[in-house]
Amino acid sequence: MNKPQTILIVEDEIILQDVYKLVLSTQGYEIHTANNGVEGLNLLKKVHPDLVLLDIFMPVMDGKEMLKNIEIPDYPNTKFIVYSNLSDRNTESEMLDLGAHKFVLKSSMTPKDLVNLVTETLGG
Amino acid sequence: MSMRNSNNIIMPAEDERDRLHSLFMQTPAAIAILRGEDHVFEFANPLYLQLVGRTDNIIGKPVRDSFPEVIKQGFLELLDRVYATGEAYIGNETPIELGNDGDGKLIKKYLNFVYQPIRNINGHVDGIMVHAIDVTDQVLSRQMIEEGREQYLTLFNSIDQGFSVIEILFDKKNKPIDYRFLETNAVFEIQSGLKNATGKSIRELVPNYEKRWVEMYGRVALTGESIRIEDWSEAFRRWYDVYVTRVGGPSSRKVSVLFTDITQRKHAEEALKESEERFRIMADAAPNMVWALDSKGKLKYANNYTLEFLGVNAKDFTKQHWLSAIHQMDLKKIKRIASKAMRNKESFSQELRVTRRDGDCRWVFVQGTPSYYPNGELYGYIGSGIDITERRRAEQALRESQARFRDVSDNATTGLLIIGSRLRCTFMNPAAEGILGITKEEAQRSSKPLHDLIHHTKPDGSRYPVKDCPIVGVLSDKSKSTGEETFIRPDGTKYPVAYTASPIVTDGKITGTVIEIRDITDEKQARIEQQRLVSMTEQRNELLKLNKAKDEFIALASHQLRTPATAVKQYISLLMEGYAGTVPVEQLQYLRTAYESNEREIKIINDLLKTAQLDSEGYKLHKVQFNIVDIVQEIIREYQPVFDLKKQKVVLRIDEETVIALIDPKEIKLVLINLVENASKYSHPGTTVKISIQQKEQCLDIVIADKGVGISRDGMQKVFEKFTRIDNELSDTVTGTGLGLYWVKQIVELHGGIVKLASTPGKGSTFTVRLPI
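If you read the protein sequences in the order shown, they are chains A and B. Residues in the first sequence are numbered consecutively from 1, following the numbering used here. Residues in the second sequence are numbered consecutively from 1, following the numbering used here.
These are computed hints drawn from the structure, not numbers from a lab. Since we're looking at a predicted model, the values are computed, not measured. Take the hints with a grain of salt, since some may be wrong.
Claimed, not checked - Just a sample of chain B residues kept apart from chain A, beta carbon distances all over 10 Å, derived:
id: 1; residue: Phe236
id: 2; residue: Lys333
id: 3; residue: Arg422
id: 4; residue: Ser462
id: 5; residue: Asp630
id: 6; residue: Leu700
Said to hold, decoys possible - 35 Å max Cα-Cα, derived DSBU-like pairs, lysine-lysine:
id: 7; chain 1: A; residue 1: Lys112; chain 2: B; residue 2: Lys647
id: 8; chain 1: A; residue 1: Lys21; chain 2: B; residue 2: Lys649
id: 9; chain 1: B; residue 1: Lys550; chain 2: A; residue 2: Lys79
id: 10; chain 1: A; residue 1: Lys112; chain 2: A; residue 2: Lys102
id: 11; chain 1: A; residue 1: Lys112; chain 2: B; residue 2: Lys610
id: 12; chain 1: A; residue 1: Lys112; chain 2: B; residue 2: Lys649
Think of the CB as a built atom: it goes at the ideal place given N, C-alpha and C, for glycine as much as any other residue.
Next up, chain A with everything else stripped away, as it sits in the complex:
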C-alpha cells in the first residue's frame, strides 16, 4: 500500500488554492497549503512533501525569500515548482538557480494542465 504523495501548495490567493487543492486531491495526492513563505517553511520542515508549488508574490515572505531559506540538499526527494504569474526572465533564472525544477506561468495553465504537470513531475 503506497503512502500517498504529498504536495505543499504555497499560495496566498485562496480561490486559486482551492482550485489546486480540489483537482489534486481528486487525483489522490495529500495536499498541504501555506499562505506565505514563513508558513511554507514551517510546513516544509514538518511534512517533507514530494512536491512544492511555490508562488512568488506573497505577503510576509515571498517565494524567492522562502526558496533562499531552503537548504535544497535537505530535501532530496522534494521537487520545487515555481507556480507564478511573474513572467520576468531574470526572476525565472534566479528561481531556477535557487533550486527550483520548473518555472510555470499560472495563467497559461488550466486545472487539467496542472494535473498533467504534477503527474509528469512526480513520475505518476
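Starting from the structure of chain A, add chain B where the hints point.
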C-alpha cells in the same frame, strides 16, 4: 783804570826819554805819542799797535793817514781840540770802529782813553799822548747782562703768571717762618693784590697767611727740590697753581715762585665734575647704553645699562676685554669710523652686532658726538647705544614678508590689487594687469579712481557710479566683500570677474582695500555647462526613476492583472471539465465563449507586459550557443497545423544541419514565430512560405519570404512600430496586437543584428533576420 798824569813832568833829556820809553813799552796800557798839529805818530807801544790793529809803520805818519776809517768818528776833532786848548780829554767806554790793516773790516771796540797834551819847555803844546785801555769785553758783557736783564725784566713783567722772588726767613731752629719779597712782577701784583711788596715780608702784608705755604717755600729753599702744586689759599681765597724753585746755590735762601690764579679753572673743573656727576646720574638711569671716550679716544665711562648688557663691571670696562663681544667685522668698522670722526671732530653712528651677557647676539645702534670744554678744547666723545635687534628683526621680517608677498603676488595667477583711501590703485600684480588689460603704471598715472577705469559701466550699459560699487564700499563698511561683477577692458569688452575685497586696517583706521580678482569667463561657461549637465543628470535620474517605477509597475501589474484572469480561467475550466457536475451543452457553449474571451485577455496582458519588459533598461538576453536550425524546425513542426489549415506550404532551405550562434533561444524563437505567423497570416491560401538559413562570414541570415499581400513603401517605415497594423486586404481578418514586428526588431537589435524588409505590394514580402556570429 784811568791814568792820571800830573801836568808837570820834568824829564832829563835822553835818560828820561829812554826810561819813559821802556816804561811805555811795558805798561799794560796802549800808549802812543803824537807830535805836531797833524798828530804824527812819534811813538806807539806794542799794546797800542795791537789795539788799533796796525804795525809800526804808522810811525812818522799822521793819524789821518794811519786811520782813515776814524776820520768820520770825531776823534781827529778831539785831538785838534786837545792840541789847541791844552786840555786833556778823557773818554769813557767810548766806541770806536777800527779796521785791521788791509782787512777792510771794521771792528767795534770800546776804549777808555786819555788825550793828554804834551808841553815843550816853553809850555806850549806840541804833542799829545794817547793813553787807551780796551774795555770792549767789559762793555759788551755788561751790555749783555743789561740786555739779559732787560729781557728778563720784560719777561718778568710780561708773563701772565705771577712771579716773585722771595727770600725765606728762618728762625733759630731753621724753621721757615716768614719770607720777604725781593722781586715781584706786575701780574703778581694783580693776582695777589699786593702792591709794592718788594722788600716787605708776607707776614707784614698778609697776616693770616697760612703757615703751610711758608713751610713749603722753606722746604724748597732748604732741599733745592722744586715743587709744583695746585692749592687753595685761604688768605687770598683763591686757587693757585704754584711752581717753586730755588734760586741760587745750596746756601741760597731764595726761591722763585711762579703761580697762576686757577680759581676760575678750578670752578670750571668743579662745575665740570658736577656736570659729569649729573650726567652720570642721568646716564645710569637711562634705559639704553650711554658711554664716553676721552679726548684720545679711550673708553672712560659706561652707564649701568651698558655694563649690565656686556656683563662687565665699571673697572673692567676700561680694560676693554669686552670688546670681543662685538662682532669682529663690526669692530673693525666702528674703529675706523670713530677714528675718522675724531680726526675731523665729527659725530658718528653705526649699527653693530654685540653679544649680550646672556649669549644672545643683539644689534646695537651706536652714536657718538664730540663734546667740548667751554674754551673749545675737545673734552671727549659722548655716545649712546640702542638695542635695535627687535626693530631689525621686524624690518627683516617685513622685508622677508614683502619679498614673499612679492614672490607670491608676482607669480600668483589670481589678480591682486590694492586701492587706497582715495580709491586709486596703489598696487597691482602682473596677474591683475593681465586680467584688467591695463598696467600698474597706467592705473597710477590716471587721476581717476580705479573703479572708473575698469568698472564704470553695468552690464545693461548704464553708468555704474563709484558709490554703488560694493568693492569700493569695503572702505567704508569695514567688512569683507565677496561676489561677482562685470569689469570692462580698455577696448570696451566686458568680462565677468569674481572678487574678494578685504579692508586694510592701520592703527584702527581703514587705509585701503586689498582685492583679489579672477576672470571667471571660463568658469561661468563651465558653470553653465555644469548646470546643463546637472539638469541633464537630473533628467536622466528622473527618467531612471521613472523607468524603475515602470519596471516595478510591470512586475506588480503582471501579477495583479493576471491573478483575476487566472482565477477565471481555472473556474471556467473546472466547470467545463465537470468538476461541478455535468454541464449542459448550451451552458458549455457559453462557458467556452467566456473561456476564450478570458484567454484573449490573458494574451493581451502577456503581450503588453512583454513589450514593457523589452523596453525596460534592465532587460537582458540569456544567450547560449544554440542551433538555429533546431528552432526553425521546431517552429515548422508546431505551425504545421496552421499552414495545413490554410493550405499553405513551408519550405526550409538550409546548407547545414547545424548552425550554431550565440543567441537567446526563447527570444529568437519568438522572433521567428512572429515572422512565420505573419507570413502565413498575410498570404492567401495555397501560397508557399520559403524559409532559408544562410551562413555568411560575419553573420547568418534567416530569411522568411512569402507570397503574400506585401507592404507599401510608407508601410515599411511604420510596420516595426508599436501597435501598428497596416491596413491591407487581410488586416481585418488578422488578429493581433500590432506588437509582433516591434518585438522582432527589438530582439534582433538586442542581439546586435538587424532586420531587413523587402516587399512589393501584391507580390509578397521577404524578411531577413541577420544575426552576428
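Hints, verified against the model:
no. : hint                    : in the structure
1   : Phe236                  : holds, 137 Å
2   : Lys333                  : holds, 93 Å
3   : Arg422                  : holds, 76 Å
4   : Ser462                  : holds, 64 Å
5   : Asp630                  : holds, 20 Å
6   : Leu700                  : holds, 23 Å
7   : Lys112(A) <-> Lys647(B) : holds, 32 Å
8   : Lys21(A) <-> Lys649(B)  : violated, 45 Å
9   : Lys550(B) <-> Lys79(A)  : holds, 34 Å
10  : Lys112(A) <-> Lys102(A) : holds, 17 Å
11  : Lys112(A) <-> Lys610(B) : holds, 26 Å
12  : Lys112(A) <-> Lys649(B) : holds, 33 Å
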